[in-house]
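Peer 1: Chain by chain, the residues run as shown.
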Amino acid sequence: MATRIKDVQTNVEDLVKAREARAPSRQPLAVPIDQPVTFPLELPESEARLRTPAVGQRATRPDGRLHGLGQTQYIDDITFPHMLHAKILRSEYAHARIVSIDTSEAEKMPGVIATLTGAEVPENSFGPTYQDQPILAYPIARHRGDGVAAVAATTEQFALDALEKIKVEYEPLPAVYDPLEALEEDSPKVHGDTNIYTSKVIKRGDVEAGLAASDHVFERRFSTQMVEHVPLEPHATIASWDGNGRVSIWSSLGRFTLGREDLARTLQMPQSRIRLIGTVVGGNFGGKNEITNEPIVALLSKKSRRPVKAIYSRGDEFVSSTIRHPFIMDYTTGVDSEGRILARKIRLVLDGGAYCSWTGTTIGKGSILAPGPYNIENVLVEAYAVYTNKTTTGAMRGFGAPQVCFAYESQMDDIADALGIDPLEIRLRNGFSENSLSPTGQSLQSVALKESLTQAADRFRWKEWQA
Amino acid sequence: MLVELTVNGESRSANVPPETTLLKMLREHLGLTGAKLGCDVGDCGTCTVIVDGVSVNSCLMLAGRADGCDVTTIEGLATADDLHPLQQKFEEHGALQCGFCGPGMLISAKNLLDNNPDPSVFEVRDALAGNLCRCTGYTKIIEAVIEAGEMMSQEPANV
Ligand code: FES
Ligand code: FES
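Top line first, the protein sequences correspond to chains A and B. 692 is the number of the first residue of the first sequence in this note's numbering; add one for each residue after it. 235 is the number of the first residue of the second sequence in this note's numbering; add one for each residue after it.
Looking at chain A on its own, in the form it has when it is part of the complex (with noise of 0.2 Å):
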């Protein structure tokens, strides 16, 4: 960051020099600025609303204009007299006991209203598959990313200053990161006695037997990375707590109604009391689709009686909200002399951090597409999700399925570039057609594979490409 702040100053030298050289005649705008700009937001009907198919048509957004306006309201920019900001102190310890938390310094700093422990939550567990995550991390922390005591204060900075006069005391305990490491017997438990949460096999024909009769068979293991959202939103939360022991909460979350039933959940009331309101988001992709930090900043307005927003910083959203998934993928496919596939075999191993999240989604549907649009008679997929002390992985655009394509498709051209087949021919020779079967029997209906490849080879010119 150090090269940046120096760019600035640079920057503002410069700005100087531009302000001291610009010409007073410059003409002011005349639109008062305290009494922003609206125009009516009757847009243009486009076409595309209109008519069917609108595949092809331009459409365009009904909020386009207040975007454009920058008048679109998110949850940062709303605010409340005496409102509160929170700020959370995540976890020293990838994996530690939390021996003691003491809040006491940290209430005596200026502007501090509350602090909050995970002691203090009614029901310190929530989770849209397993309830296995803790609000606040207590007594047991399993990644960096995990919360361990949180602080409203009447700035910002007052907030981030209390953080550090909380002391924690940690006993740290042994911790995972490799998930193939995790699935060893003697390898450090991150819940439980075993690290394996969710797995799932797919089966047809007989693997064994297909690979048996196969002219070539080739084997590698694809690995992908973890991938964080980034919404241009960081996570935000405002919450009001009112005087008849109703709370209202401002949320930038996707998944609304499961959010409801984890905040009645963990906070111990219900739904009824509980008023969510959801907001313009800015960007989710996946990971705003379960609570964060909504039942911290809802308590710590019940302790101060005001309401508090809390907005992550760019470094909570990379070590502690969801990310992407990484596989371990080892495919095993046996084709005969032209390439057709007779059998295909595939290990996933799923790092799926600290808590489950949407892991059960991501292995159902990673699983489910990992053979690829291929038809092959002779398919076994077996995935297993392991616990790591690592970030936790949740949903993310497409749910295991970008992860899986990768490692068939690259397989797919390792096996024409070595039976010397066109990369094209060898997908078309095995791709799916109407009423292919599914690696689960689903008869598939409207499949345009091979159209879409030809077409889209010829508008980019492949053959020319390979000549």
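Derived by calculation from the structure, the hints in this document are not laboratory data. Here the structure is a predicted model, which is why all the values come from computation and not from measurement. One or more of the hints may lead you astray.
[What the hints assert, rightly or not] Stretches of chain B that chain A covers, calculated by requiring three or more beta carbons in the stretch to come under 8 Å of a beta carbon on chain A:
#1 263-271
#2 306-315
[To be verified] Simulated restraints on C-beta separations:
#3 A:Asp1105 - B:His263: 55 to 61 Å
#4 B:Asp315 - A:Ser1143: 46 to 52 Å
#5 A:Leu1119 - B:Gly371: 24 to 30 Å
Yeah, the Cβ is synthetic: ideal placement off N, Cα and C, and Gly gets one too.
Chain B with the ligands: place on chain A using the hints.
Peer 2: Frame of chain A; chain B with the ligands shown alone:
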């Protein structure tokens, strides 16, 4: 400390703590929430505003350093009569999805067109390099900027 600025043509001032960034001053002290906080470290461009003719990441500039400067934010782009050509073209092209990058993106684009009304695609990409968008893939944004430039050179009175 007292900071005095000209914002979108109006004199504004506020008493702010010395660590206050220009972004924070605009958003929290002057009520101009158009510029957004996306990263607070100069990486994303959602906080872009024009200060004395130069587009800056206002999250990295202390309000005190902008004292006496002329600042243009997204709120100053439209006139009372009309949308700015960039706003029109962004809307027509559906160039924004979640919209969070929009204010910064439009301000960077405005600064480009103010200095270079007929930019090449490469120049547009270069001018917007500091503005990240996670939703759109940029294509429509670039088309919209080019068309807005064409529109502005045809009707200079509109700008
Ligand atoms: S908030 Fe200023 S660059 Fe991201
Ligand atoms: S429209 Fe969502 S980040 Fe650009």
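Peer 1: Given as covered by chain A, does the region 306-315 of chain B meet the bar of three residues or more with CB within less than 8 Å?
Peer 2: holds (count 8)
Peer 1: Regarding Leu1119 (chain A) and Gly371 (chain B), is the given constraint of 24 to 30 Å on their beta-carbon distance met?
Peer 2: holds, 28 Å
Peer 1: Quick check: does the Cβ-Cβ distance between Asp315 (chain B) and Ser1143 (chain A) fall within 46 to 52 Å?
Peer 2: holds, 47 Å
Peer 1: Please count how many residues of the region 263-271 of chain B have a CB within 8 Å of a CB from chain A and say whether that reaches 3.
Peer 2: holds (count 8)
Peer 1: I want to verify a distance hint. Is the separation of the beta carbons of Asp1105 (chain A) and His263 (chain B) within 55 to 61 Å?
Peer 2: 60 Å Cβ-Cβ, so the 55 to 61 Å window holds.
Of the numbered hints given earlier, the model fails none.
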